[in-house]
Each structure stands twice: as structure tokens, then as C-alpha cells.
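**Q** On the provided structure of chain H, position chain S as indicated by the hints.
2 protein chains.
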Amino acid sequence: MTDETHWDQLSINALRFLAADAVQKAKSGHPGTPMGAAPLVYTLWDRFLKHNPHNPAWPDRDRFVLSPGHASMLLYGLLHLTGYDLPLEELKNFRQWASKTPGHPEYGETPGVEVTTGPLGQGFAHAVGMAVAERWLAEHYNRPGHQIIDHYTYALVSDGDLQEGVTSEAASLAGTLKLGKLIFLYDDNDIQIEGDTDLAFSENVARRFDAYGWQVIGPIDGQDIPAIENAIRQAQAEDARPSLIICQTVIGFGSPQQGTAKAHGEPLGEAGLQAAKEALGWPLQPAFHVPSEVKKHMGQAVSRGRDAEADWQARMDAYAAAFPAEAAELSLQLSGDLPADWGAGLVDLFPAGTSPMASRASSGQVLNALIGRVHALTGGSADLAPSTKTHLSGYGDFGWDEYCGHNMHFGVREHAMGAIVNGMALHGGLIPYSATFLQFADYMRPPMRLAALMGIRAVYVFTHDSIGLGEDGPTHQPVEHLLSLRAIPNLTVIRPADAHETAEAWRAALLNRSGPTALILSRQNLPLLHDDNSAGARGLHKGAYILWESQPGQPDAILIGSGSETQLALEAGHELAAAGVRVRVVSMPSWELFDHQPESYRESILPSAVRARVAVEASICLGWEHYVGLDGAVVGMNGFGASAPAGELYRYFGITTEAIMASAHKLLATA
Amino acid sequence: MTDETHWDQLSINALRFLAADAVQKAKSGHPGTPMGAAPLVYTLWDRFLKHNPHNPAWPDRDRFVLSPGHASMLLYGLLHLTGYDLPLEELKNFRQWASKTPGHPEYGETPGVEVTTGPLGQGFAHAVGMAVAERWLAEHYNRPGHQIIDHYTYALVSDGDLQEGVTSEAASLAGTLKLGKLIFLYDDNDIQIEGDTDLAFSENVARRFDAYGWQVIGPIDGQDIPAIENAIRQAQAEDARPSLIICQTVIGFGSPQQGTAKAHGEPLGEAGLQAAKEALGWPLQPAFHVPSEVKKHMGQAVSRGRDAEADWQARMDAYAAAFPAEAAELSLQLSGDLPADWGAGLVDLFPAGTSPMASRASSGQVLNALIGRVHALTGGSADLAPSTKTHLSGYGDFGWDEYCGHNMHFGVREHAMGAIVNGMALHGGLIPYSATFLQFADYMRPPMRLAALMGIRAVYVFTHDSIGLGEDGPTHQPVEHLLSLRAIPNLTVIRPADAHETAEAWRAALLNRSGPTALILSRQNLPLLHDDNSAGARGLHKGAYILWESQPGQPDAILIGSGSETQLALEAGHELAAAGVRVRVVSMPSWELFDHQPESYRESILPSAVRARVAVEASICLGWEHYVGLDGAVVGMNGFGASAPAGELYRYFGITTEAIMASAHKLLATA
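Residue numbers (the numbering used here), protein chains in the order written: chain H, 1 to 671; chain S, 672 to 1342.
Everything labelled a hint here was simulated from the structure, so no lab data went into it.
Take these hints with a grain of salt, some might be off.
Computed, partial: chain S to chain H, Cβ under 10 Å [stated by the list, open to error]: (1) 834; (2) 866; (3) 1161; (4) 1181; (5) 1182; (6) 1183; (7) 1225; (8) 1262; (9) 1276; (10) 1315.
Label-pair distances were calculated between CB atoms; the ranges are [to be verified]: (11) S:1026 <-> H:275: 45 to 55 Å; (12) S:1064 <-> H:287: 29 to 39 Å; (13) S:1182 <-> H:595: 34 to 44 Å; (14) H:296 <-> S:1026: 30 to 40 Å; (15) H:204 <-> S:890: 18 to 28 Å; (16) S:1336 <-> H:595: 17 to 27 Å; (17) H:204 <-> S:950: 37 to 47 Å; (18) S:1336 <-> H:340: 50 to 60 Å.
In this text, a Cβ means the ideal position worked out from N, Cα and C, and glycines have one as well.
One chain only, chain H, in its complex shape:
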């Protein structure tokens, strides 16, 4: 055995038993994948991964994604042993309150974790987004002799990942986009929770990925380090296709449970753990043993990383000297900051007298104004760009005619779109957006939730936001979607009422750097609600504001509208005022923004004493009691929509000025 082979085996076993010990101590977790896949990720990290443990934010680092997030201890072990700020104490605190080692890896909680994973398939698809961002930035900014953006995106992926639909979507798109720097190690262990993978997964994975346009390597023996090295080299050598390396492994390797579903998701038990240590020649005590040779060997990552980043920094300096404008722009993009004058011009887009315009159309105009200044803006639609109005005119198609194009074509793949947009945001350098109909928000909830949990800036555009889309009928008319998005913590949902609010909504989305934003837009035309300038619409940033009131002071009744129904509230307000009611009309484009205002502001808009409150929104009524309570009323939907022209639907479902007025009169009569 050479020294190197010796260190390799020691390091791999250290990773295995850090995981098994931590799971045993926590009495909870997943030892099987860490024990089976340790040689794969060890080889990748030891021989290939370009990273700087002392600066996890180095922009040109390779990205590593652990798609089976339940194998989190494998990643924590790697991070600890390669010198990230993750002391052994944290590993001993695995899955405990306030530790840096939660049950599944969480972005922002642990240095070196590139993305939150756990829900299967997400890591795979997020990694595709990272590779998109790398390619985009490389094409935009690299110059001959200056390869300043040039890194791989690696992932470990599991059987479960490959079964999820989001993976299929992302894999097909990655093949279409020829993302050659995407290299995935497939932990092919033949086992899933219910038993042998044959139970539900008899497909030929190699042929399937070949069909997607991937280079498929293997199967190789997942214990054979030279084979793993060769496979990764072969993957690196292919620059026009993503690579999937099929690695045959044994789940729970070394333990009595090895090769069975029993090894997957529960501690090995004291006896099993001891047997595994004996089988692999590992000291039985102490738990969390790390041989000093392993510390030294894997700790070399620190100096290697420092040198690598220093080399890159020198090349960046040379680039900056040769291409100062590009370097400045790249720096700005990587910082995530917006250029100083980024929002200028928005205010002039919709002068008084602008014809009624769908908010999807005004959004399209805003986007096309923003792109002139915000170069990081990149996105696209799940095959609905002509309808969502999200095309950036004159900015090219990413991956089709040019890799520096700003327009993504996701195909009819909403789920992967959400994950890829997140991955682009996680990579850094881009402000990505997706677009589809609000109805199809249901297809992309898992990545939206992850973005909210991670606190990253992604913008999800959803058009055709209600029965207002008309004839396509209930399969396409969102009813419950607004509430179900508002329910996601840290997702800011904004449904602007007119073109001015739409401009402000985009502004809010770009300013929101601590979480994703969903923009909810109409198919049908909406009149401008602010007479002669757009200043009024700035109230959007507080979530809700007084759009109009019959007179100052405490009103008798408050009408609250969102989006396309705000105009109905306004009309009803005018009519109620004409009938002598002291009435206030509140535009409420965003519950989240409003709920984050100080109590005093909220009270100034919705005084506690005023209980005659009517909310109107062409969405399910449930949820609006948050603002109107048990004493108010909601004019909205109570079930699914129907197929008919939009105007008729509003009438048939009773979402009208008359209904608002009738509700208000009834509340005032019984108050």
C-alpha cells in the first residue's frame, strides 16, 4: 500500500465513521449513503475540487451539491476535515438545536453548504442552475487569455433524485444547453427505502441520460479510486455535454446492514456500529475519531485553496487592468448590488393617459426598461414567454444562439425552472427570474419554498392570475394559489393593481435580497389608478396604503382590494361616498410587506376600531379574515372558476362593484 492509498483509505473511513458516530449520537439520521458514497466524494474533493475552505464565497470556486441531503453528515465531514469553519463539536451536535449541522444541509447555516437539499431532485436541478450561471458569466466576461470565470459544478446524486420528475426536466434542459462543466456522480446503490430499487425503478439510467444528450460514464466500481479519478477526468474532457458517472456502491458499506434498506435511515445501533468499525479496521473508541494523518492530509485543502484563490486573484487583477469596465461590471454583478441609477426611468414609463394595460404587459415594459441598466437580470419562461411578456428584446437567447443571451427557454418544465432560477441566484452574479401562469405555480412550489428557506433573491413572475383569464377555464384559473403562496414564510407575494404598482413591484423584487418574490399579474387590461403621476404607487413598498378616501379621519367602512379588483373597490368607494358613507379604499398588493410594517403604520391604514371592512379579490375568500376578521366580508371566490369570457365570469361569480357596495351596506347596517 502506497502512502497515498493509505491516506485515502484512512480519510474515507474517517468520513464514514464521523457520519455513523454522529447519527448514533443523535439517535437519528442516515448513515447508509455516507458509508457507501464516501470514496466518491472523497476522491472528488481530494483530487479535483477547486475551493478555498477559508473563503467559501470565492466566486470562481467549483460548486459541490449534495443532492441526497439526508447524507448531510458526509458533507459536514468533508467540510470539517478540509478546514472549513465547522469544528468537531458541531459534528457532535448533529441535528441539535442551534447547531451548524442540521439534519439536512441548509444554505446560510453552515459555511461551504452551497444549497439547501433534502427534498429529492432539488439538488440536481439547482446544480444545473449553477452551471447555467457559470456559463453565462464566462461567456460575458472571459476574454482571450483571461479565463476568470471557469469552474465546474459537481453533484452527488442518488436513486431517489433520479426518480423525481424535476430531475428529468433539469437533465433534459442541461443536455439541450450542452452544459459541459456539469459533472454528476450517481451513487447507484440499488437500494431505496421500500427495498430493492427494482421494485419501482427498472429503467436503464445510462440510456435515459444518453437520450438527454449527456455523456454517460461507467458503471464503475464506487470503491475504486483510480476508476473514479479517471471517470472525473473523462467528464472534464467533455465540454459540450454534461456528464453522469454511474458509480456502483454499497449502502451502509462495512456495517452488518450493508446493502439493505435497513442501512438507509436509522442509526446502526451500538452493535452494528462496532461491527462496522471492526470490519473496516477502525478504532472502536473514541467516537468521532480523526487520525492525525487524516487531519494533515485532508487539511491540505486549506493551503491549496489559498493558493488557488491567490492565483485567481492575480488573474483577476490582470483582467481588471486590461478590461477595467468589464471587471467593474462583473464585480458589481458578483456583489449582488444594483447600479446606482438602476431604477431611473421607471417612473416615466406610464404617463397619465396611458391606456388600460394588463399588468403582464406593463411588467414586460418594466423588465425591458430595467434590462438597460440591470445587466444581471436574466430569465425566461416555461414556454409561455409570448403570454407572460417576459422576453427581453434584443438580449439574445441563452444557449441557443449565444451563451451570453439573457433569455432562457425552460421548455414546459416549471418545476426545473424554479430550481434552476434558484441555482442561478445561489451561484451569484445574476438576478434571475422565471415566468409562467399562476396556475402552474403548483408545479414549482418545492423550489420556491427552498428559496424562501434559503433567503435568496429569485423573482417568480406569474401571470393569468385569476378568472380574469377567461375562456381557458378552471384548469387554468388560479383560485387557491394566492393564499397558498402567501402561506410560504419569507416569500413576498405582490399583486399590483395597475402599471404604476407593477413598476414598484419589480423595484421591490429587485430590492429584496433576503428572499424570493412572486409577482402576480393579470391577463386582462387594468386602468391606471393614480391620476397624474406614479408617486402614489410607492405605497406598494409598505404592502398596503390608502388609495383614496372620501375624507380624512376615521372612516365608517374600509374597502380593501388587490390587483385587478382594486379598481372595483375604488369604484365602490366612490359610489358609497356619493351615498354619504365615510369610506376609505386601501390598495393592498402585498400581505407580507404590510405585515412587516410597524404596528403604528398598520393601525393608520386599518384602524382597529373600524370593523366594517370589505376585501375584494378574485381568489378564494379564505385567509382575508386576517384583515377583515369575523365582522367583515370578503367578495371573492368560494370554489373553482369556469370557462367563459372574463367579464361574464366576474358577473356570474359576483365579484362586482355592486357586490362590494352591498356587503358594505350590510356591514354598516348591522354594526
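**A** Below, chain S without anything else, positioned relative to chain H:
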């Protein structure tokens, strides 16, 4: 030209122009796919489809699914011309209020529509479920010489369908299950909304489906009727693999817009429509022209269908004579009714003194009790059966060891699982259920929504329903999911508080024949809340009921709990009572069931005058204002969970008896 060829062409053009005329008249809709794919579906319906237009409910009919639901007019044309109860007037009313011809096909609205489609991928995956049901019933009930269940499931599928992840999941599982009677025609027209499919879809579809274990036929010319016939025959001849027939077509065939995205989703326009009619030799006037030869030719479906069903009925009679018990049981299953004594025994499952038990565990016991009587019960999990406790012991694995097994193994494919379960319900003969963690409900929302819209009986089991799952952390802890499910109209969400309520929840799910039910179950143990029998738990069927109160009459305060937190409400109630508060504790397992009770019942549980109301649920607080209003309080979550043992999480997030008491005292002090 032979007579047959003549009739074929006339019929195909009639289908094309019924669609194009209807879209033109509605000024809305999708002419492109009907015009391109008319030869495919015409050939299938004319030469192969076994159906009886005068009895769309004939159990052994072939199923036909139009997965690209936007091509609805193609299906309406077929139904009209083959003699279903869909008069020409309805086609002229396409996409209008109260017509039987909504924008996308809707199950229950139009005779002959087997499933609601529109959201892409769903039709594909639902069809897989139908084929599962056919296979299951055939294996259970056919006997040598008695092939009483023996039909195909056909679908037309589009580029968009094949891009959706749910399709990949369903296709992989269909291959694994060797569903040989599944025959899909792929309308391969190279066009999607954003342009050429190459923009986002360069994969090799044939190779991909081959990898899934499908027979791939073609590509064939989608205009060539003999080629289509031969392909379908070849598909029928293969009984161990599903078949995909790749048919090259031209979107908008015959129109000036043919072969472009312009033909997809908007009317051809008067000029375009006229040009198309001229190009295909069709009379320009009147619109909705149906040549009498077409009426006669396609109308033969009526007599053919009557004969086919009569033949089947004769065979059923012979079967009933030979196998009376089996015939009776099959009839019962097909009727959807439950056997007379189906719920007997549930009441005895959990006698007083039963140890605390997770509701997932009591659910498993209930399921295993039910299966002894309710033979139609069939389902499974997305690779989590050991955790969801949904395995039916001793009832075999469907498709693995035996096709009459009751246990499905869906793999890690939640989205397809939802759709397949729906397809099984739509087929008839089965009461299907799915199971996964509540967190992953997000992966399967689109089919759950469709089930709710269609009003079909499907049961979705969701376990690990809160922070109570502990260490797996926020990626696995549902927070917003309860509200987002409650937001779906006609989906009944039930979160039982103990084993007795769990038994009643299953009972409610099986009794609910007009919509799907989601059962929300705990990972952690829950004590029995009903002392000496389960009668009290029957209040579950009313959604909410008085679990305990300090004394009769109007209380000072009402505590409302659901699921695992009901015990906290009960404890707090006892302590408040001890402190002299007149208190009522309401168990509220289902908002939907409660909201459907008469006003008098709701008032008897939650008297309007009592405003000191505290709701407790380990879920997002938003939404509970529906019951506690602006004057009450909610003890729940306000953001994501965390990774730690469950008990600690409850403490850290303040979901405790103490917090409930404090809230109640505060409300009483300020009232």
C-alpha cells in the same frame, strides 16, 4: 380513392374544421393541434377504440385521454360525430358559460371525457393510473375463458406533455410495471409556444422511452392512416411493454400558419380559416359543416358500441353464472359502493388504555383492518411505506410479485403518484390511496387539484405533519402545507387528534365520494383523548366538536386544537378551568367538514358572542383568523422550523400548554 379513404379524409377534415370554426367563433382557443393530430385520433377512434357512445360508463370500454387538453375541440368533435350526447349546438357554444364544451376537457361536464386535462403532463400520468386499474381488476377477476376486464388505455400526448417531470415519473413506473395495454400516440410536431422545440427540447425521445422499458414505434407519418393503423396494431401485439407511437405531424395543418407557433393558441382569423378550407377542399360556408357522409360514417360508432357492450354483457352474464361470488364482488367494486359491514371493527381497534400512538401508526392499523372488508382499497407510498405505515400486510405488491397485489410501490415520484391514484379512481373499481410526508404534498399539488375539480374519491395520506417530526429539520417540516391544502376547493383535509379520530378520518375519507380527502398524520405519539370509547370521536364527521368543557352553557373562552396539538388545548383547558375560567375545548380536525355544517351547528360550537378564542396548531398561524377573528389568538408557527428533537422544538417555538393559557388569560383580560 376508395370509399373508405374518401370517408377517412372527409371525417378528418370535419374534425379539423369543427375545431377551427369553434375557435374562430369563440375568438379563443387552440386550432393547431386539432388540425395536425386529427388523422391520429380519427384512425384510433374509427378503427380501434372500443366504446359505446350511448353508455359512456360501460366499465370495459377502452379509455382515451387527450393529454394536451388545450386541443379540447378535437375531443368534442370526436364525441359529437360518434354519437355521444353532445349536440352541434354545444360545439358552437365552445368556451361559453354553462356549455358542455369548456376550454379544456372537464370530467363530469361532458359525456365521454375520461379525465380533466389542460395542465400538461397530467393526462399522461392519469392514463397510467387507468391502465393500473385495468390490470388490477383483470388479474383479480378474469378467469380462464372469461376475459371480462380487457381494455386498452390510449392517449394522445404532446411535446409539452413529454417535457413535464410528472410524465417522466409516470413513464418510468409504467415501464417498470410492464403495462402493455397502455398505447400513447405522440403528436410530434416540433413546435411549442416559444418556437421550435429545439429551443428547449433536443433530447432523443425514442431513446428515452426505450430506456424506460417502453416499445417505441416510429417515427411514422402522422397523415398516413395505414401507417397509424399498423403502428397501433403493433402496439396492441406487445403485452409486456407500454407503447409510444411517434407520429410526425404538422401543427395547424392546412392553414397559412401551419408548422409555426402562430398556429398553436389563437384563432386562425377569417382569412386564415378561409385559406385553410380552400387548401383542404372544404366548403367555406357554413361554419360547423358536417357532411352527411361523415355523420353516417362516424355515427356507426353507436351501433358498433351497442353491439360491443351487448357482447360484453353476455360474457359478464356467463361469468356471473360460473363465478357468482367474484361477479358480485366485482359489481360492488365497480359501483363504488362500500360493503354493508365495511366499517365494523374499527371501533374496537383502540380500547381504553391503548398506549399513546402516532396517528400514522393508528392509521396503519385502521388501513389493515379496512382491507379485510374493503377489497377495493389499493395504494402505496412514494418510497416511504415503512414511515407512512401504509403497507397492507399480506396483500402482495402490485406489479412486482403479482398484479393482484394491493400494495403499490411508486418510487420517489410523488407527482406521478398523485396522478396515478387519480387515474385509478377515474377508471373505477378501486378506492386508491397515496402516501408520503406532508412536506412532499407540494410535489403533488397539480393532481390533487384536478381530483378536487373532478370530484373523485382519492385518498392522500400525509404523515410527518409538523415540527413534531423533529431532527430532519425545516426541509422536512411542513409549516404552510396545511393552509395551502385547505385552500384547495373541494379537497377535504382531516388532521385527527388521536387514534379514535384517525379511525373516523378514514371512515370519512371512504364515505366522501364527491372529492378527494387528505389525511394529515403525526410522526410522534399521541394519547387517546376520549376516555372509554370512541363514540366521542364521531364528532369528527362534523369537522369540529366539543371535546371537553368545564361546564355547560356559554364559555368565557374557547380553545381550538387540531391533530397533535389538541392534547395541548385540552391540558390548557383543564388548567384554565382549575383557575376558574369557564372554558370549552374544541377539537377541529377538519375546516372543510365544519364549514359545511349548518349555521346552527357552527354557532353551537363557536358562539358568535364568545370572542376569546385561542387556536393551537403546529402550523403557520395565517388562516386561523377564519375562526378566531381579529380578537382571538393563534398559538402556532410564524416561520420555518428547525432541526432538533421534537420536544425541544415545541418548547423553542412556544407551542405549549403554557402559551395557550397565557394567550387565553390575555384575551380575557382585555375583553
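**Q** Hint by hint, note whether the structure agrees.
**A** Here is what the structure says about each hint:
1. 834: Since chain H brings a Cβ to about 4 Å from residue 834 (chain S), closer than 10 Å, the hint holds.
2. 866: holds, 8 Å
3. 1161: With a minimum Cβ separation of about 7 Å from chain H (threshold 10 Å), the hint on residue 1161 (chain S) holds.
4. 1181: violated, 23 Å
5. 1182: This hint is violated: residue 1182 (chain S) lies away from chain H, its Cβ roughly 21 Å from the closest one there, beyond 10 Å.
6. 1183: violated, 16 Å
7. 1225: violated, 16 Å
8. 1262: It holds, given that the least Cβ distance between residue 1262 (chain S) and chain H is near 8 Å, below 10 Å.
9. 1276: For residue 1276 (chain S), the interface hint is violated, since the closest Cβ of chain H sits about 14 Å away, which is over 10 Å.
10. 1315: holds, 4 Å
11. S:1026 <-> H:275: 45 to 55 Å: Given a distance of about 32 Å, which is not inside 45 to 55 Å, the answer is violated.
12. S:1064 <-> H:287: 29 to 39 Å: This hint holds: roughly 37 Å between Cβ atoms.
13. S:1182 <-> H:595: 34 to 44 Å: Given about 39 Å between the Cβ atoms, the range holds.
14. H:296 <-> S:1026: 30 to 40 Å: With a Cβ separation near 52 Å, residue 296 (chain H) and residue 1026 (chain S) fall outside 30 to 40 Å, so the hint is violated.
15. H:204 <-> S:890: 18 to 28 Å: Distance hint for residue 204 (chain H), residue 890 (chain S) holds at roughly 21 Å.
16. S:1336 <-> H:595: 17 to 27 Å: holds, 25 Å
17. H:204 <-> S:950: 37 to 47 Å: holds, 44 Å
18. S:1336 <-> H:340: 50 to 60 Å: holds, 53 Å
The structure fails to meet hints 4, 5, 6, 7, 9, 11, 14 from the earlier list, while all remaining hints are met.
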